[in-house]
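Protein chains in written order, with the working numbering: chain B, 1 to 418; chain D, 1 to 166.
Heads up, none of these hints are tricks.
Derived DSSO-like pairs (lysine-lysine); straight-line CA-CA distance at most 30 Å:
(1) K159/D x K58/B
(2) K164/D x K58/B
(3) K52/B x K146/D
(4) K52/B x K153/B
(5) K133/D x K4/D
(6) K123/D x K146/D
(7) K153/B x K248/B
(8) K153/B x K123/D
(9) K32/D x K4/D
(10) K8/B x K259/B
(11) K146/D x K8/B
(12) K384/B x K36/D
(13) K58/B x K107/B
(14) K60/D x K384/B
(15) K159/D x K12/B
(16) K131/D x K4/D
(17) K123/D x K49/D
(18) K8/B x K164/D
(19) K36/D x K23/D
(20) K83/B x K23/D
(21) K52/B x K87/B
(22) K153/B x K159/D
(23) K138/D x K164/D
(24) K23/D x K332/B
(25) K8/B x K153/B
(26) K153/B x K138/D
No lab work stands behind these hints: they were computed from the structure.
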Amino acid sequence: MGKTIAEKILSKKSGQDARANDLVLASLDFMMGQDGTAPLAIRVFEEMGGQKVAAPEKVAFVIDHNAPSPVEGVSALHKVMRKFAQKHGITLYDVGEGVCHQLLPEKGHVGPGSLVIGADSHTCTYGALNAFSTGVGSTDLAAALISGKMWFKVPETIRFVCHGRLPQGVYAKDLILYLIGQVTADGATYMAAEYAGEAIEALSIEGRFTIANMAVEMGAKAGLMEADEKVWAWLKDNGISGNFEEVKPDPDAQYAAIKEFDVSQLEPQVAKPHRVDNVAPVGEVAGTPIQQAFLGTCTNGRLEDLRIAAQIIKGRKIHPGVRLIVAPASRKVFLEAMNEGIIQQLVEAGAAVVTPGCGPCVGTHNGVPSDGENVISTANRNFKGRMGNRNAFIYLASPATVAASAIAGEIADPREFL
Amino acid sequence: MEIKGRAHCFGDDVNTDYIISGKYKFKTLDMKELAKHVMEDLDPEFAQKVKPGDFVVAGKNFGCGSSREQAPLALLHAGVGAVLARSFARIFYRNAINTGLPVVECDTSEIDPGDELLLDLEKGILKNLTKQKEIPVKALPPFMLKILRDGGLVAHFRKYGTFKLD
Numbered sequence: 001m002g003k004t005i006a007e008k009i010l011s012k013k014s015g016q017d018a019r020a021n022d023l024v025l026a027s028l029d030f031m032m033g034q035d036g037t038a039p040l041a042i043r044v045f046e047e048m049g050g051q052k053v054a055a056p057e058k059v060a061f062v063i064d065h066n067a068p069s070p071v072e073g074v075s076a077l078h079k080v081m082r083k084f085a086q087k088h089g090i091t092l093y094d095v096g097e098g099v100c101h102q103l104l105p106e107k108g109h110v111g112p113g114s115l116v117i118g119a120d121s122h123t124c125t126y127g128a129l130n131a132f133s134t135g136v137g138s139t140d141l142a143a144a145l146i147s148g149k150m151w152f153k154v155p156e157t158i159r160f161v162c163h164g165r166l167p168q169g170v171y172a173k174d175l176i177l178y179l180i181g182q183v184t185a186d187g188a189t190y191m192a193a194e195y196a197g198e199a200i201e202a203l204s205i206e207g208r209f210t211i212a213n214m215a216v217e218m219g220a221k222a223g224l225m226e227a228d229e230k231v232w233a234w235l236k237d238n239g240i241s242g243n244f245e246e247v248k249p250d251p252d253a254q255y256a257a258i259k260e261f262d263v264s265q266l267e268p269q270v271a272k273p274h275r276v277d278n279v280a281p282v283g284e285v286a287g288t289p290i291q292q293a294f295l296g297t298c299t300n301g302r303l304e305d306l307r308i309a310a311q312i313i314k315g316r317k318i319h320p321g322v323r324l325i326v327a328p329a330s331r332k333v334f335l336e337a338m339n340e341g342i343i344q345q346l347v348e349a350g351a352a353v354v355t356p357g358c359g360p361c362v363g364t365h366n367g368v369p370s371d372g373e374n375v376i377s378t379a380n381r382n383f384k385g386r387m388g389n390r391n392a393f394i395y396l397a398s399p400a401t402v403a404a405s406a407i408a409g410e411i412a413d414p415r416e417f418l
Numbered sequence: 001m002e003i004k005g006r007a008h009c010f011g012d013d014v015n016t017d018y019i020i021s022g023k024y025k026f027k028t029l030d031m032k033e034l035a036k037h038v039m040e041d042l043d044p045e046f047a048q049k050v051k052p053g054d055f056v057v058a059g060k061n062f063g064c065g066s067s068r069e070q071a072p073l074a075l076l077h078a079g080v081g082a083v084l085a086r087s088f089a090r091i092f093y094r095n096a097i098n099t100g101l102p103v104v105e106c107d108t109s110e111i112d113p114g115d116e117l118l119l120d121l122e123k124g125i126l127k128n129l130t131k132q133k134e135i136p137v138k139a140l141p142p143f144m145l146k147i148l149r150d151g152g153l154v155a156h157f158r159k160y161g162t163f164k165l166d
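In isolation and in its complexed conformation, chain B is listed as follows (with noise of 0.2 Å):
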């Protein structure tokens, strides 16, 4: 019987074979924690009795959630972390560098047939490049820090296999929210996403990053797919050369359920308050009035994304009863931005440049809203509360619809505007 790529990826970095299921001990390639989580890992490494970092190499703190710091508590958790990661020779990713989940893969430290581990939920986001792998807690990150090792449970798979092309003005994000609007936010639960087909092959590798960031947004513990020639281009154009080994699933790989979707008359999408599941067309929310707009985020702040906004952006004014907040995902991705003259188009039409980082989306800070109002975001998540305030509405969406609706002062369809 065939193996799928995770039963193939968790075999090789258990030395056993390894099948749905299946509980493992797996040496891991990568391992990753951010300002909300690696502080507490770092008190329970002591707690363990941890001495020594098993594979410092194999590890980066990043301070991005609360970046720069907003209050005295966070700035003492931050020093924390700068400690730690100095003692027991860590990179470390300071304020200013970058959202986690974008400088992982730019920096060379993920690629296809890796295993990853970090603390952040959105880790899968590195599936995009044939890598497994998965968000973990605090205590996990720091028994990796420890053994170099995690325990997991061998996931079934579910194949996402998605034929067709995006139509204009349809994008990676939309067929995202389409596809967990279709299996429900546990859909995936304790599984593996693997997304094929035409559609995702015709995905550039940023829009492939968008698709496997929101695997978990259905319950996946990854999303996986496979690295085709993109995949190793980009890793080229990147300057990443590392140890890397492509993993195919087998033809005969034993799937929990193939689901099939043809997207090739996908409208834009977008997820209503407050479940990212309550996915409808953008016409049937067109017109709900919106107060404040957000483009970034590990989903939809790359350069891509940027680019996409400001080609509707561009000449236009953001409407007055809007904030139009932008971060970009990484200080790599703000240089092009601004050397392409995206950040100038931006910032003339009205919109506010924070520092790369997680603020607004994690509701720390750089841009809270105010009770009752609505906002359309290009982030993951569109809880109650999860841009620190519960009386707020968030609606997730496009790059594309963000900036169209940030013109329109209400939430409008892209193509209007292209």
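Keeping the supplied structure of chain B fixed, place chain D upon it in accordance with the hints.
For chain D alone, kept in the frame of chain B given last:
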């Protein structure tokens, strides 16, 4: 491991932002402080009402959302004895086991707020004492039971220095 207490009932898809909001969790590692705000977006009185050993009872997909371990820790520090749900999101499930918070999958549809419950984790038996009914539960894999018995992964590592799977 026997746990006895009253039921506090919640619905489906209780996410980690509801368990402990991001606006608190990033600011401190003081779990007693966080525990004051546990579940506050769903029930502002919860932290005052909950008594040691009480049960959080929920529908499907409990703990979906972020990887914040502050979620099970805040529940533990608020005194919650165990969480019963029809299903759990996987990161929360791992984090709960790792931090020593018992989590049990079972049919929760006939448990009402205030029902007195008794859970025997070793035997895998859950009784609704108020309704005088036994509720079948899904047994925990032995390795997870071992971590819980050790008091969480911290205690497990202190004991063995590494993973001791068998």
